[in-house]
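**Student:** So the chains spell out like this:
Protein chains: 2
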Amino acid sequence: MRSIILSVGTELLFGQITNTNSVYLSQQLNALGIDVMYHFTVGDNPKRVEETLKLALENSDIVITTGGLGPTQDDLTKEIVAKVMENELVLHKQSLEHIEHFFNRLKRVMTDNNIKQAYLPERAIVFENDAGTAPGFALESKGKIVVCLPGPPREMTHMFQKKVLSYLEKKSNSVIHYKMIRLFGIGESALEDALKDIISSQTDPTIATYAKEGEVAIRVTSKRKNRKEADEAVSDMIEKIRERIGEFIYSFEDEDLVHVVAKKLIERNISFSCAESCTGGLFAASLTEIPGISSVFDRGIVTYSNHAKIEELNVSEETIEKFGAVSFETALEMVEGLRAITDSRLCISVTGVAGPNGGTEEKPVGHVNMCAILDGEKVCNEYKVRAVNRNWNRNYTVLLMLNMINKLIRD
Amino acid sequence: MRSIILSVGTELLFGQITNTNSVYLSQQLNALGIDVMYHFTVGDNPKRVEETLKLALENSDIVITTGGLGPTQDDLTKEIVAKVMENELVLHKQSLEHIEHFFNRLKRVMTDNNIKQAYLPERAIVFENDAGTAPGFALESKGKIVVCLPGPPREMTHMFQKKVLSYLEKKSNSVIHYKMIRLFGIGESALEDALKDIISSQTDPTIATYAKEGEVAIRVTSKRKNRKEADEAVSDMIEKIRERIGEFIYSFEDEDLVHVVAKKLIERNISFSCAESCTGGLFAASLTEIPGISSVFDRGIVTYSNHAKIEELNVSEETIEKFGAVSFETALEMVEGLRAITDSRLCISVTGVAGPNGGTEEKPVGHVNMCAILDGEKVCNEYKVRAVNRNWNRNYTVLLMLNMINKLIRD
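Line order of the protein sequences matches chains A and B. Count along the first sequence starting at 1, add 84, and that's the number in this note's numbering. Count along the second sequence starting at 1, add 84, and that's the number in this note's numbering.
No wet-lab data here; the hints were simulated from the structure. Be a bit skeptical, because a hint or two may be false.
A pair holds if it fits inside one copy or across any two, identical chains being indistinguishable in the list.
Below are the DSS-like pairs computed for lysine-lysine, each with C-alpha atoms no more than 27 Å apart in a straight line [what the hints assert, rightly or not]:
#: 1; residue 1: Lys263; residue 2: Lys191
#: 2; residue 1: Lys200; residue 2: Lys491
#: 3; residue 1: Lys228; residue 2: Lys138
#: 4; residue 1: Lys312; residue 2: Lys131
#: 5; residue 1: Lys296; residue 2: Lys462
#: 6; residue 1: Lys468; residue 2: Lys191
#: 7; residue 1: Lys131; residue 2: Lys228
#: 8; residue 1: Lys447; residue 2: Lys191
#: 9; residue 1: Lys468; residue 2: Lys131
#: 10; residue 1: Lys280; residue 2: Lys226
#: 11; residue 1: Lys191; residue 2: Lys406
#: 12; residue 1: Lys324; residue 2: Lys167
#: 13; residue 1: Lys254; residue 2: Lys226
#: 14; residue 1: Lys309; residue 2: Lys167
#: 15; residue 1: Lys280; residue 2: Lys177
#: 16; residue 1: Lys348; residue 2: Lys280
#: 17; residue 1: Lys296; residue 2: Lys254
#: 18; residue 1: Lys177; residue 2: Lys462
#: 19; residue 1: Lys255; residue 2: Lys191
#: 20; residue 1: Lys228; residue 2: Lys462
#: 21; residue 1: Lys254; residue 2: Lys324
#: 22; residue 1: Lys348; residue 2: Lys138
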C-alpha cells in the first residue's frame, strides 16, 4: 500500500510550529509496511485543501490527514473529506456524548462550536479521542482510504496507537509486531557493518537503524498472518542481534539510557550522589528529570572552579597543580572526597574539557575523566569524546557516565 | 510573491529526521512578505522529484528546494531542476576550487563524486557554501525562480542568511528589515491583548508573536524602498511596544534569557554560585552551557535530600520541620548557607514541588520559593508555576531564576 501524509494548518506554513506529526506517522506507516510517498502541507484554505486531497488520492491508496478537526470556522478538513469522498456529515451521537462528558469533567461550558465536532461522515469508522474532543475517523470509498486525525501531537499519537494501528493492520490482512532495541557505545556505521549480511538479506523481519545524539536504536519489525508468528520472528531476530553486539544493548524495551539507569537505581534502592565539573550540573539535571528519583538521590556538587573542588571535595591543590583539573587523579580525588561527605552507596565524579576553548595537545576538547564508587567497588575511565560542540560534548559525557553506572550495576 | 518549499530526501519519508528546514524557511519567507502556499516533501526518486517540481512551479512564483545536492548517486535535485528549467549543467570553476580548498583544509582526500558537486546550471546565480561543500543556486526562467539549497540545516540556514536573503530582497525590489524582541513574564494572549489595536491595524511594519516554552517573542518586520526607511519603521514600532510592555522585554537582539544573563554575568565579572533543590542541577546546567561562564561560575550545590540541605548549606532541621523543605524560610537559609561557604558576589537558591507527586493543598505542584543575594542585596520570591508537567515546571523555574537575576543586575 502507498500512503501520503497531508498536514493541514496555516500555522505550519508560517513556521510557527514544527511538523512532528509527519515524522511520527512516517515511522509508524513504514513499520506497518505501508510506503510513504509524499508529505503535503497546506493551510486552512478550503480550495487548496480540496485540490491537495484529490491530488493525494490520485497518487496513493491511503491518505492520512492531520489537523483541521477542531471547533473553529478554520477547521474544514472533515467537510472537505466528506465532499471529496461523496459522503454526508451526520451527527454522531456517541461522539457528542464524549464531548459533553469531556466538558463536564473539566467543568467548562460547552459552546455550539463544539457540537460541530460531533458531525462526522455517515459511513465513517470513528476513532474516539481519549486525549481531547475532536474525534478522528477513517472513510473508505472506491478502493481508497482517508484517515483523518486531530492536529495536536498528543491527541494524534494517542489515537494512532490505540485505534488506528489495529484498523490499518486489519486493512493489510496481517499483524505487525515490532520491537525497538537501544544501544550505546557503537556508532551507526559500525552497527550497520556488524549486521550487514542480515540487513541486506532482510525480507521479514526487517531491520532499521536510527541514530540520535550519541545513542543508536534498531527497530525489528515483522508482518505475519498472526500475532504469534510475528512475535516469534521478532524474538528470533533480536536473539541473532544480541549474539553479535549484545554488549552494546542497554534496553530491549525502547527506553533511553537515563530512564534505564534511574529505574535501576530506584528499584534496587541505590542511593547516589555526584560531583561534576565539565558537565556543570547536567548529569544531576538529567537524572532528576525522572519522577521518583528523590527516593535515592542525595546530593550533587558542581565544582566548576578549582577553588570549589578543593573546598567542597577536599581535592588537594598539589594534585590540580601537578596533574591538572582535568585528570585521572583529580577525578579520583573528587569521587573520594564526595564519598567522604555522603553515605550514598553510589558516588560518581567527572572532569573534562567541554570546549570550545581550554583544550591542549595532550588534553584536547572532549577529553574526559570520570570515576565511580559503588559499595566500595571503584571504576575510573578516560575518554576522548568526538568534539562536535560544547552542547554535544556535555550531553555525550552524561551518556558516558550513565553507561558506566549501568555497567557497574548490571548484575 | 507566492512560494512553495520542496524538501527532497527519502530519510524524511522514513521519519528518520524532522523537517526543520521547512520551519526555518517558512519563517524567513513570511518575514520577507513572500507567501508560503505549500510544503511538499518527496523522496530521492527522479520521476517524483520532477513531477513535484513541475507541480510546484505551476502553483507558485518561486520554489525553494532543500536537499539532494550532495555527492552521491541519490542526489539528483540539481540535474532535475536543470532539466525542468531547460538549462545545461556545466563545471563551475569557483565552486570546484572551493570544494578542493575545503578538502585540503580538512586534510581529506577528494573523490570524483565531489567534483560532481561543482557542476551547476549554466545560467545559475551561485551561492557559495561557507559551511560545507555543496553550493546552492538560484535559476530563473520564464518568470519563475527555483532556489536550490543544501539539506543539512546548518549549511542551509547559513547560506540563506548570508546569500539568499539579499538575493530575494532584490527580487522583491524592496528591503526587508526585521527585529525580534524577547519577553518573559507575559503570556501570548495577554501580549496580543496589550497590542491588539496595533496588530489589527498593521500594514507595515507587521507584527507577529511567537510563544515557546514559557518565553514569548515578537517579530517586527518592515518592507520598504530602502534600508533607512525600513530601519526607522521598525525602530518606531519597537518604541511603541516598549512603551506598553517594556517591563517584560529582556532582549531587543533575539537572544534567549540564559544568554542574556550569562553575558551580563561575564561582562560585569559577577561571580556566582547556586543552591538547587527542585531544579536538580538544571539551573547550573543551563548557565554552564554558555562558553566562557567558567570565568564567573564558582559552584553549584544540588541539595536534593533534606539531609544534604542541612549538611551542605547549614539549613536548620527545625526550619525544615516547621516550614517544610519547600518554603520561604528554607530557601532563605539555603542562600545564606551558600553565601557563607563561597565568596561569590551572586548567590541564588531554589526549592519547590516539581511534581508529579509531592504536592499539597497549600503547596501544590508548581509551588516554588527562591532567594538571591547580590553584593548584599537580598530578594526572595514565591511563585505558583502553571503545572504542565515535571519537565515544564523545572524549565520554567529556571527561567524564573534567570529573570530574577536579570532584574537584580539590570542597572
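**Student:** Confirm or reject each hint.
**Tutor:** Taking the hints in turn, this is what the structure says about them:
1. Lys263 to Lys191: Neither: 40 Å inside a chain and 41 Å across chains, both beyond 27 Å.
2. Lys200 to Lys491: neither (55 Å within a copy, 47 Å between copies)
3. Lys228 to Lys138: Answer is both: 11 Å inside a copy and 25 Å across each meet the 27 Å cutoff.
4. Lys312 to Lys131: Answer is neither: 47 Å inside a copy and 40 Å across each miss the 27 Å cutoff.
5. Lys296 to Lys462: neither (30 Å within a copy, 43 Å between copies)
6. Lys468 to Lys191: between (56 Å within a copy, 21 Å between copies)
7. Lys131 to Lys228: both (21 Å within a copy, 23 Å between copies)
8. Lys447 to Lys191: between (60 Å within a copy, 22 Å between copies)
9. Lys468 to Lys131: Close neither inside one copy (57 Å) nor across copies (45 Å); limit 27 Å.
10. Lys280 to Lys226: neither (42 Å within a copy, 48 Å between copies)
11. Lys191 to Lys406: The answer is neither: 66 Å in one copy and 35 Å across copies each exceed 27 Å.
12. Lys324 to Lys167: neither (51 Å within a copy, 47 Å between copies)
13. Lys254 to Lys226: within (18 Å within a copy, 49 Å between copies)
14. Lys309 to Lys167: neither (36 Å within a copy, 46 Å between copies)
15. Lys280 to Lys177: neither (54 Å within a copy, 39 Å between copies)
16. Lys348 to Lys280: neither (33 Å within a copy, 52 Å between copies)
17. Lys296 to Lys254: neither (32 Å within a copy, 39 Å between copies)
18. Lys177 to Lys462: Neither: 64 Å inside a chain and 59 Å across chains, both beyond 27 Å.
19. Lys255 to Lys191: neither (39 Å within a copy, 54 Å between copies)
20. Lys228 to Lys462: Cα proximity of Lys228 and Lys462: none, with 63 Å in one copy and 67 Å across.
21. Lys254 to Lys324: neither (29 Å within a copy, 59 Å between copies)
22. Lys348 to Lys138: neither (52 Å within a copy, 55 Å between copies)
Taken one by one, the earlier hints fail for this structure at numbers 1, 2, 4, 5, 9, 10, 11, 12, 14, 15, 16, 17, 18, 19, 20, 21, 22, listed in ascending order.
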